[in-house]
Structures are given as C-alpha cells and as structure tokens.
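Use the sequences and the hints to build the structure in full.
Going line by line, the protein sequences match chains A and B.
Mapping of the first sequence onto numbering that gives the first Met the number 0: position 374 corresponds to residue 373, and the numbering continues sequentially without gaps.
Mapping of the second sequence onto numbering that gives the first Met the number 0: position 216 corresponds to residue 215, and the numbering continues sequentially without gaps.
Treat the hints loosely; a few may be bogus.
Copies of the same chain look alike in the list, so a pair counts if it fits in one copy or across any two.
List of simulated lysine to aspartate or glutamate pairs, EDC-like, C-alpha gap at most 20 Å [as the list claims (entries may be wrong)]: (1) K72 <-> E522; (2) K52 <-> E522; (3) K186 <-> D201; (4) K409 <-> E143; (5) K407 <-> E143; (6) K223 <-> D268; (7) K196 <-> E253; (8) K186 <-> D216; (9) K479 <-> D351; (10) K223 <-> E253; (11) K287 <-> D113; (12) K195 <-> E253; (13) K195 <-> D219; (14) K407 <-> E110; (15) K196 <-> D219; (16) K196 <-> D216.
Bear in mind the hints are in silico, worked out from the structure with no lab data behind them.
Number of protein chains: 2
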Amino acid sequence: MQSSGAITRREFLYRAAAVGGTGLLFNTMDAWGMGIASRMAGPPVLSGNGKGKSVLILGAGLAGMTAAYELGKLGYRVQVLEARGFAGGRCQTARKGFTLAELGGEPQRCEFDDGHYINHGPWRIPLHHQSTLHYTRSFGVPLEVMVNDNDHSIVYLENGGPLSRQRLRPAQIKADMRGHVAELLAKSVQDHTLDKKLNAEDQRLLLDYLVHEGQLDNDDLRYKGRSGRGFAVNPGAGMNPGPGTASDPLGFRELLASHVSNVYSAVQDFPMQNTMFQPVGGMDAIAKAFEKRVGRFIRYKAEVQTIRHGEKNVTVTYKDTGTGKLQSLSADYCLCTIPLSVLRMIDTDFSDKFKAAVKAVAYAPVGKIGLQMKRRFWEEDDHIYGGHVFTDLKGINTISLPSSQWQKQKGVLLGYYNYQSAAIEVSAMTPAERAEFALAAGEKIFPAYRASFEKSFSVAWHRVQYNLGGWAEWSEESRKSAYPVLLEGEGRVLLAGEHLSYLTGWQAGAIESAWQQLARIHERASA
Amino acid sequence: MQSSGAITRREFLYRAAAVGGTGLLFNTMDAWGMGIASRMAGPPVLSGNGKGKSVLILGAGLAGMTAAYELGKLGYRVQVLEARGFAGGRCQTARKGFTLAELGGEPQRCEFDDGHYINHGPWRIPLHHQSTLHYTRSFGVPLEVMVNDNDHSIVYLENGGPLSRQRLRPAQIKADMRGHVAELLAKSVQDHTLDKKLNAEDQRLLLDYLVHEGQLDNDDLRYKGRSGRGFAVNPGAGMNPGPGTASDPLGFRELLASHVSNVYSAVQDFPMQNTMFQPVGGMDAIAKAFEKRVGRFIRYKAEVQTIRHGEKNVTVTYKDTGTGKLQSLSADYCLCTIPLSVLRMIDTDFSDKFKAAVKAVAYAPVGKIGLQMKRRFWEEDDHIYGGHVFTDLKGINTISLPSSQWQKQKGVLLGYYNYQSAAIEVSAMTPAERAEFALAAGEKIFPAYRASFEKSFSVAWHRVQYNLGGWAEWSEESRKSAYPVLLEGEGRVLLAGEHLSYLTGWQAGAIESAWQQLARIHERASA
Chain A
0 MQSSGAITRR
10 EFLYRAAAVG
20 GTGLLFNTMD
30 AWGMGIASRM
40 AGPPVLSGNG
50 KGKSVLILGA
60 GLAGMTAAYE
70 LGKLGYRVQV
80 LEARGFAGGR
90 CQTARKGFTL
100 AELGGEPQRC
110 EFDDGHYINH
120 GPWRIPLHHQ
130 STLHYTRSFG
140 VPLEVMVNDN
150 DHSIVYLENG
160 GPLSRQRLRP
170 AQIKADMRGH
180 VAELLAKSVQ
190 DHTLDKKLNA
200 EDQRLLLDYL
210 VHEGQLDNDD
220 LRYKGRSGRG
230 FAVNPGAGMN
240 PGPGTASDPL
250 GFRELLASHV
260 SNVYSAVQDF
270 PMQNTMFQPV
280 GGMDAIAKAF
290 EKRVGRFIRY
300 KAEVQTIRHG
310 EKNVTVTYKD
320 TGTGKLQSLS
330 ADYCLCTIPL
340 SVLRMIDTDF
350 SDKFKAAVKA
360 VAYAPVGKIG
370 LQMKRRFWEE
380 DDHIYGGHVF
390 TDLKGINTIS
400 LPSSQWQKQK
410 GVLLGYYNYQ
420 SAAIEVSAMT
430 PAERAEFALA
440 AGEKIFPAYR
450 ASFEKSFSVA
460 WHRVQYNLGG
470 WAEWSEESRK
480 SAYPVLLEGE
490 GRVLLAGEHL
500 SYLTGWQAGA
510 IESAWQQLAR
520 IHERASA
Chain B
0 MQSSGAITRR
10 EFLYRAAAVG
20 GTGLLFNTMD
30 AWGMGIASRM
40 AGPPVLSGNG
50 KGKSVLILGA
60 GLAGMTAAYE
70 LGKLGYRVQV
80 LEARGFAGGR
90 CQTARKGFTL
100 AELGGEPQRC
110 EFDDGHYINH
120 GPWRIPLHHQ
130 STLHYTRSFG
140 VPLEVMVNDN
150 DHSIVYLENG
160 GPLSRQRLRP
170 AQIKADMRGH
180 VAELLAKSVQ
190 DHTLDKKLNA
200 EDQRLLLDYL
210 VHEGQLDNDD
220 LRYKGRSGRG
230 FAVNPGAGMN
240 PGPGTASDPL
250 GFRELLASHV
260 SNVYSAVQDF
270 PMQNTMFQPV
280 GGMDAIAKAF
290 EKRVGRFIRY
300 KAEVQTIRHG
310 EKNVTVTYKD
320 TGTGKLQSLS
330 ADYCLCTIPL
340 SVLRMIDTDF
350 SDKFKAAVKA
360 VAYAPVGKIG
370 LQMKRRFWEE
380 DDHIYGGHVF
390 TDLKGINTIS
400 LPSSQWQKQK
410 GVLLGYYNYQ
420 SAAIEVSAMT
430 PAERAEFALA
440 AGEKIFPAYR
450 ASFEKSFSVA
460 WHRVQYNLGG
470 WAEWSEESRK
480 SAYPVLLEGE
490 GRVLLAGEHL
500 SYLTGWQAGA
510 IESAWQQLAR
520 IHERASA
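Below you can see the structure in the form of structure tokens.
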C-alpha cells in the first residue's frame with residue numbers, strides 16, 4: 000500500500016540524485032527497497048545531460064516516444080524510426096477514416112459515425128499504472144472512468160449446467176453464492192462443528208460477520224435473498240409498486256453445478272480494480288500527446304532493414320516505404336522497441352545467444368471487433384451501463400459495452416475479445432465474416448443485437464504488420480533464460496517495450512521499461 | 000430483472016392507452032404485475048388532454064417540475080409557486096456565487112474556484128432510477144460516472160480493535176476476510192464435517208468454488224494472500240521490480256475482532272450498485288434542464304401562506320417575498336410538493352385526520368460539507384480516484400472524493416456526510432467551526448489534509464428554510480397509518496414528492512411520485 004511517505008522518499012531521491020549522480024540514485028533506490036518506476040510514479044531522476052550524444056530509437060510506440068521525450072529533455076540528440084505513417088504503436092483508436100490492412104487480408108476503413116470509436120489496442124488504464132497516469136497528467140490528457148466492473152451486466156453460459164442459456168446478472172450470482180456459503184458456515188458454527196478450529200468469541204464474531212456478509216435471517220440464519228440481487232418489482236412511489244417485490248435467490252446446488260460462481264471471486268485481481276480510466280475520445284489521445292512533443296524526432300514510414308553495432312556506434316538501415324529508397328543512420332546508442340515478433344525477422348549482427356533470446360518469446364494472438372449499433376439497447380432495454388458481458392460462447396469471451404456517450408442514440412460495443420486458438424480461428428475470416436460471427440453469438444444474449452447492427456471494424460493483432468501479436472507471452476522458462484539476456488541488450492543496442500516487463504500487454508509496461516533502459520543508456524553515456 | 004420484453008410490454012401499454020383510455024391503461028398495468036413507473040422507465044401514458052383545466056403546483060423541485068412538464072404537455076393550464084428565487088428544490092449545486100443562509104445562521108457564499116462544486120443535495124443517480132435517467136436522456140443532460148465503490152479507498156477506524164487507526168484498503172479487507180472464510184469452509188469439507196449437509200459431488204464443486212473465491216493454495220487449501228489485496232512492491236519492468244513482491248494478509252482473528260469486515264458485504268445494496276452517475280458539472284443540471292422547459296409556469300419568491308380547498312377548486316394565498324405583498328391563485332386542482340416538514344406549518348383547511356398525517360412523518364437531519372483542497376493529495380499520494388473513505392470518526396461517516404476533474408490541480412471533496420444526532424450536533428456550529436471539525440478528523444487519515452485546505456461550504460438540511468430536513472423518514476407505523484392518507488390527498492389537493500415513495504431522499508422518488516399523482520389528477524379531470 001502506497002503511503003503518503005512516498006513523496007518524502009521521492010523528494011529524498013531528487014536530492015540524492017542532485018548530489019551523487021546516477022549511480023548513487025540507483026543504490027539509494029535499492030536501499031529503500033524500491034524498484035525503479037514501481038513505487039516511483041514518474042520517470043527516473045537523472046543528473047547530468049546528454050549534450051553531444053546521440054540515441055537512435057527504433058519504433059515510435061509508447062516505449063519509443065517515452066524514451067525520445069525523456070532523453071530529449073536531457074539534451075540527447077534523438078532520432079526515431081517508425082515504420083508506420085503515424086506514431087503510437089499499438090496505442091490506436093479506430094474512428095471514421097482509420098484504415099488497416101492485415102497481412103494477407105482485405106483493407107478495412109473504419110466508417111463509424113462521428114464521435115464513435117473502438118480502442119482496438121489498449122483500452123484500459125488501471126489506477127495502479129502510475130507511469131501511464133504520470134503522462135496523462137503531465138500532458139493534460141483528459142480521462143474518464145472506464146466501467147470495468149458492472150454487477151448489473153450479464154453472464155450467459157451455453158455450458159452452465161442447470162443455469163445454461165440464462166441471462167444472469169453478476170449481482171445475483173455473487174449475492175446468492177455468498178449468501179448460501181455464509182449460511183452453510185453459519186450453521187456449522189451453530190452445530191458446533193467448528194469448535195476445534197475457533198474459540199467461542201471468534202465464533203460469535205464470525206457469526207456476526209456471516210449474517211452481515213450474506214444478509215442472513217437473524218433468527219434461523221438462512222439466506223433468503225437480498226436487495227442487492229435485484230427486485231422482482233423495483234421499489235417506487237405510492238402503494239404500487241411502493242416497497243417493491245423481492246426476488247427469489249438461485250438455488251445453491253444449481254449455482255454449484257453451473258460453475259457460474261467461478262466467473263467472479265472475492266476481489267478483482269490487481270490490475271482490474273476500480274477505478275479504471277480511459278482517455279476521453281479514444282486511447283490514441285495518449286499517443287498524440289506524446290507525438291506532439293516528440294514528433295519532430297520521428298521519421299515515419301521508415302522500415303528498419305538491418306541493425307549493425309560496433310564498439311563506438313550503431314548503424315541502422317531503413318527503407319522509406321513511400322519512396323522505396325534505402326537509407327542509413329548512425330548513433331552512439333540504439334534503443335530498439337520493435338516487438339520481438341518483428342525483430343526476429345530483421346537482419347542484425349546480434350550474437351547467436353541474443354538472437355536465440357529474441358526468438359524465444361511467444362506473442363499472443365488477439366482479436367477484437369467493434370460493432371456500431373444504431374441503438375444502445377443494452378442501456379435502454381437492460382440498464383447495463385458499461386462493463387463486460389461474460390460468456391462461454393465460442394470465440395467471444397466478453398462483449399464489452401462502451402463507457403462513453405451515455406444515453407446517446409448510438410454506440411460502438413466490443414463484440415469479442417478473443418485470444419489464442421479462438422483468435423486464430425476468427426482471424427482467418429474476412430472482416431464481414433467476423434462481424435457475422437459476432438452477431439450470431441451476440442443475438443443469443445441480446446434480442447436487439449442483429450437488428451441494431453450497422454458497421455464493424457475488426458483487428459487480429461497477430462496479422463498486423465509491425466506487430467505480429469498482441470503482446471509478449473513469457474513462459475516460466477523463457478523468463479529465466481531469455482528475459483535477462485534481452486534486458487541486458489547487446490553492445491550499444493538496448494531493448495525496451497512491454498515485452499521487457501511484468502506488465503506485458505499494458506502501456507505501463509512499455510513506459511516503465513523505457514524508463515529503465517533510458518536510465519541505463521544515460522548511465523553508460525555519462526560514465 | 001428487466002428483460003428485453005419490457006419494450007414489448009410498453010408498446011402494448013401504449014396501444015392499450017390509445018384504444019381504451021386511462022382506466023384501461025391502469026388495469027392493464029396491474030394485470031401485467033407492473034407498478035406505474037417501476038418497471039416503466041417513462042412517465043405514465045395518458046390519453047385525452049387537459050384543455051381548459053388548471054393545476055396549481057406548489058414547489059418547483061423535481062416533483063413539481065415533473066408534474067408541470069407532463070401536465071403542460073397534456074394541455075393543462077399550469078402554474079407553479081416556488082418560495083425560492085430559483086427552481087430545483089433540494090437539487091442544488093454549490094459553486095462560486097451560490098449563497099445559503101441557514102435558519103438562525105450566518106450567510107454563506109460559496110467561493111470555490113471556477114469549475115469546482117459540491118452537490119450538497121442529491122449527488123448520485125443509480126442505474127435503477129430509470130425515471131431520473133428518463134429525463135437526463137430526454138433533456139440531453141450529459142452524465143459521467145460517479146465512483147461509488149472503490150476498493151482502493153481507505154477504511155479508518157478509531158474503534159477497530161487490533162486494526163484501529165490504520166489506513167486499510169477495502170480490497171485488503173475483502174480479499175483477506177473472504178480468503179480466510181473460504182479456507183475455513185474448505186477445511187471443513189476436507190475434514191468431512193459437512194458430509195451431512197452436502198453430498199460428495201456438491202462438496203467437490205464447493206471446494207472448487209472456494210479455491211477460486213478465496214484464491215486458496217491448491218495443495219494445502221490455505222489462504223496466503225492474493226494480488227487483489229495489493230502488492231508490497233508493485234510489478235513493473237525489468238528485473239527490479241520485475242514481478243513485484245506479494246503482500247501479507249491481515250490475520251483472521253484481527254479481522255474478526257476489528258469488526259472491519261462488516262463495513263462491506265457480498266454485494267452492494269440495491270440502490271448503491273455500479274454503474275452510478277452524476278451530471279457533468281453538477282446535479283443542478285437536471286433542475287436547470289427542467290426549469291428551461293417549465294420556467295414560464297413558475298412564480299419565484301412566492302411563499303405559500305394558506306391553502307383552501309372546496310368542491311370546485313383550490314385557492315392558495317402566497318406572499319411575494321420580494322415585495323411582501325399577499326396574492327392568491329385558484330385552480331381546478333392543486334398538487335402540493337412542499338415537504339411535510341414545511342407543510343405542517345402552513346395554514347390549511349385540511350381535515351384533522353389529514354393534518355395529523357402530515358405531522359406524523361419525521362424528517363432526517365442531514366449535514367454535508369464541501370472542502371476545496373489546493374492539491375488532490377488523495378489521487379497523487381494515495382491513488383484514490385473517487386469513492387468513499389469510511390470511518391467511525393465522530394460526526395464524519397464518510398469522506399468522499401470527487402469523480403470529476405481527474406488529475407487536475409485542485410478538487411472539492413465531501414468532508415462529512417452525517418445524519419441524526421451527529422448532524423444535529425455539527426449543525427450547531429458556525430460554517431468556520433464545521434470546517435475545523437472536518438479538518439481535525441480528516442487529517443487523522445490524510446496527512447496532507449489540513450495543509451491543502453482552502454475553502455469550505457456546508458449545509459445542514461434541517462436548518463434550511465423551505466426544507467427543514469434532508470428527506471422524509473418513515474417508520475413502520477407511519478407507513479401504515481399516515482402514508483395511505485397522504486397518498487389519497489384531500490379533496491382537490493394531491494401531494495407528491497420523495498416523501499410519498501419508497502425511494503425517500505432520491506430524486507427518482509420525487510419524479511415517480513409526481514408521475515403517479517399527475518396521472519390521478521388527469522384521471523379525475525377526465526372523468
């Protein structure tokens with residue numbers, strides 16, 4: 000837990016850096032038990048400057064632009080090569096006019112109505128990702144809440160045993176399952192079956208807790224439903240509906256047999272907790288805010304062909320994909336943020352060991368589809384405002400409802416978010432077939448789904464040139480063997496990106512990795 | 000649970016109204032088991048019109064303006080008397096320039112910086128309040144998420160036994176308590192103490208659930224903490240922090256003895272569930288949206304003095320508080336939305352029975368204070384974005400953090416939200432004393448609290464003229480005796496407001512009560 004003392008520590012570190020240089024800073028941070036950029040909510044505090052030294056950055060995604068921004072401030076001569084015609088890497092937002100052609104696929108042009116979009120890359124900023132939040136704050140990128148947890152959403156299982164093919168609300172499932180479990184344990188207390196495990200006072204306190212937790216009947220300790228699971232008729236005015244009509248709980252055995260309770264657990268996992276954010280108007284607001292500050296360093300449509308490193312510098316050749324011309328650039332250091340899935344295909348003079356490490360990491364097949372609906376039926380008919388519909392419908396995983404444009408006429412929802420083999424299967428379809436696939440599933444849950452559909456935009460990240468995957472997927476083995484090798488870099492070439500973090504697939508991973516590696520470059524350049 | 004079939008039902012009701020008039024509509028609604036305005040998300044569907052008939056509405060709060068708007072659309076001649084110089088009733092927002100003088104208190108003028116405000120009246124719109132949401136949608140009032148549930152906030156107890164005076168996170172409490180309880184029950188399964196209660200298959204399924212719910216160790220079924228409770232060192236990039244460092248759970252006995260787990264339960268109670276909304280820029284956006292549409296009907300600064308009703312009409316005298324002049328108005332019907340706490344002091348010719356009913360209802364003492372802080376220390380130091388800090392500090396109840404202006408420099412937080420005797424005690428203080436009271440408490444939880452404080456604005460609703468309380472507080476007894484009498488009205492005078500609902504203290508109660516009573520007026524006027 001972050002205490003307010005963090006500020007004091009940070010101030011101390013500033014002072015330490017001011018008097019002792021980079022090395023002292025690093026030692027001091029270790030002495031405080033702090034990792035760089037984990038408990039510090041900002042970039043590394045570096046003394047000295049980079050005057051007269053150059054860094055060539057490969058890739059203008061968030062890692063590359065973070066490094067360009069921070070190294071630029073230190074006085075380094077920075078150049079960035081970006082294969083695409085725009086900056087941001089995976090930090091993209093599809094809105095009207097956005098185009099994408101997957102490898103071997105037909106080109107898609109997003110035709111959503113003005114003001115509507117899908118964040119087909121990163122779409123969430125967890126409160127814990129203070130590094131990402133550092134830049135949204137510094138750059139004045141307006142944020143809004145992304146509803147990541149909605150007990151009034153829907154769970155729909157095809158294979159949910161006795162609860163199959165029902166539109167269940169998470170609130171019902173949580174209330175009833177925890178209510179039944181509280182009743183079971185409360186009765187165990189009553190029956191003295193816990194006497195060996197807990198003393199009398201603790202049993203009394205436990206009973207007190209269980210009655211509250213499960214809202215059990217005080218007299219017979221039974222769970223009979225609760226307001227939190229919803230009413231059969233909602234309370235209102237006058238005599239009718241007046242106090243409303245309570246609803247009946249789902250049965251304990253049905254819940255157990257359906258496995259549906261395992262969709263949720265006691266608390267949200269770490270990165271998924273409230274409060275979750277998204278930039279107003281689309282995630283690419285972050286990319287654009289960086290680009291505004293470092294765009295002058297970037298050469299667009301510059302596709303890296305070769306990387307050669309020597310004792311004094313690094314030379315990179317690249318193809319201008321507009322003109323087809325080959326050009327080359329040299330610099331004192333190179334920070335390569337190209338995804339390993341792409342880097343492994345580039346001609347380098349890395350050692351065999353390093354090349355093997357680059358090849359050792361798998362990349363996640365990931366698919367998303369945005370569906371523009373002409374009516375926000377999930378809000379109007381079902382009172383679902385944002386959040387995720389969980390389902391075991393093949394290839395869908397979640398249907399996610401937008402957290403912007405509340406109560407407006409239209410909306411773009413996320414029709415599937417699939418991984419692994421499901422993502423591979425669905426990605427083999429044409430964009431039109433993917434939309435049909437999503438509609439055929441969604442209409443099982445929402446009757447108005449198909450009739451409301453207008454336009455789609457889909458992406459399969461493993462088929463996207465210059466990415467070839469959603470994010471790095473480390474195994475326990477590759478974390479041990481390849482990870483330290485890649486972190487070390489080779490000669491004057493260092494790597495950075497979400498792949499060199501334990502926050503893979505998150506923008507914070509890219510930013511914090513860049514922070515670490517630019518600090519290493521600075522340390523070496525200052526030595 | 001609202002099913003998509005609701006639309007079909009509603010369409011049916013429209014058709015029923017079109018062919019059969021009001022009476023048929025009401026019967027049809029009963030036949031469907033629907034209360035007016037409970038399962039219908041809009042105003043009653045009324046046939047006919049009010050041409051040539053007049054309704055005098057007392058009070059331009061949400062109930063009064065709802066009635067004025069809907070009756071106006073039906074063609075009634077509508078007049079509204081409002082004691083204040085502005086419409087909205089309790090639907091107020093204090094921002095720069097807003098003034099309030101409590102009865103017997105010194106005048107306050109809100110001096111918050113531009114763009115900052117406190118909703119010192121209603122501040123939340125639950126997803127279930129489709130009536131309120133009907134008007135925000137119809138009127139195009141932009142909404143944003145109000146963070147009402149934040150597992151990363153703080154619980155701070157003075158009397159929390161072994162966990163007293165600690166800044167605990169709700170996520171820690173929920174994860175640990177549910178983890179320990181899951182472990183206890185899992186071991187009961189293992190020890191065969193549940194053999195009489197559950198068969199072998201159900202026990203296997205229960206164990207499966209408990210391991211997931213409490214994230215128990217698969218081998219020894221012990222709870223050893225989980226990511227959802229937070230890390231000691233957060234995961235990040237590189238080797239350090241790399242995967243981060245797990246945190247240790249709070250002890251079961253400490254949790255039990257502290258009673259802190261009872262701050263939360265399995266699911267949020269019905270009206271408190273996500274997704275919660277607030278209008279962008281302040282709750283009074285709703286009042287202003289109504290006022291824009293019905294303002295022409297309203298006479299401001301018109302303080303009702305007497306109500307006289309006869310067989311053919313109702314006559315109300317009022318004082319123009321600007322000029323001091325007495326005037327009177329007559330109409331075919333009167334809809335009185337004046338709070339009962341105020342109505343009981345007005346000179347009426349109601350029957351003794353009706354007068355007794357008006358007097359039978361208690362009104363809640365309620366206090367709120369907005370504190371403008373020059374720095375958003377809760378976000379910057381503690382990573383709390385919205386939500387409520389729960390505490391047993393005397394007279395505080397909750398400290399609530401703003402759900403707007405994320406990451407900006409300043410913010411206005413709610414320093415206390417107190418009821419009953421605490422509200423009465425605090426309300427006896429001057430505004431400056433109240434601010435000091437709030438600061439003295441808040442600084443126990445947030446070290447930066449006092450140093451960041453700039454300005455305050457407070458309200459004690461029981462001391463506010465024309466309200467004299469936060470909301471009606473019904474007892475079981477008064478619901479039986481007084482409620483039906485007041486609902487019935489007296490002669491041509493009908494009452495409406497949050498007090499005539501089971502949604503007391505909510506804007507939806509006012510709106511839905513108005514819907515019911517205007518439908519009754521229309522039914523009688525059409526007879």
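Status of the hints after comparison with the structure:
When the C-alpha separation of K72 and E522 is checked against a cutoff of 20 Å, the pair qualifies only within one copy, where the shortest distance is 15 Å, while the shortest distance between copies is 73 Å. Taking the shortest Cα distances, K52 and E522 sit within 20 Å of each other inside one copy (12 Å), while across copies they are farther apart (85 Å). Both within a single protomer and between protomers do K186 and D201 lie at most 20 Å apart by alpha-carbon distance, with minima of 15 Å and 17 Å respectively. Taking the shortest alpha-carbon separations for K409 and E143, both the intra-copy value of 19 Å and the inter-copy value of 17 Å come in at or below 20 Å.
Taking CA atoms no more than 20 Å apart as the test, K407 paired with E143 passes in both settings, with 16 Å inside one copy and 12 Å between copies. In the homo-oligomer, the alpha carbons of K223 and D268 lie at most 20 Å apart only across protomers (15 Å), although the nearest pairing inside one protomer, at 29 Å, exceeds that limit. Proximity of K196 and E253 under a CA criterion of 20 Å is satisfied inter-copy only: 16 Å between copies versus 29 Å inside one chain copy. For the identical chains of this complex, K186 and D216 are intra-copy neighbours only, at 12 Å inside a copy versus 25 Å across copies, given an alpha-carbon limit of 20 Å.
Only within a single protomer do K479 and D351 lie at most 20 Å apart by alpha-carbon distance; the minimum there is 17 Å, versus 85 Å between protomers. In the homo-oligomer, the alpha carbons of K223 and E253 lie at most 20 Å apart inside one protomer (15 Å), although the nearest pairing across protomers, at 29 Å, exceeds that limit. Taking the shortest alpha-carbon separations for K287 and D113, only the intra-copy value of 19 Å comes in at or below 20 Å, while the best inter-copy value is 28 Å. Taking CA atoms no more than 20 Å apart as the test, K195 paired with E253 passes between copies only; the shortest distance there is 19 Å, against 31 Å inside one copy.
Taking the shortest Cα distances, K195 and D219 sit within 20 Å of each other only across copies (18 Å), while inside one copy they are farther apart (23 Å). Taking identical chains as interchangeable, the C-alpha atoms of K407 and E110 lie at most 20 Å apart only when both belong to the same chain, with a minimum of 18 Å there against 34 Å between chains. Proximity of K196 to D219 under the C-alpha cut-off of 20 Å is restricted to the inter-copy arrangement: shortest distance 16 Å between copies versus 23 Å within a copy. Proximity of K196 to D216 under the C-alpha cut-off of 20 Å is restricted to the inter-copy arrangement: shortest distance 19 Å between copies versus 24 Å within a copy.
Of the numbered hints stated above, none is contradicted by the structure.
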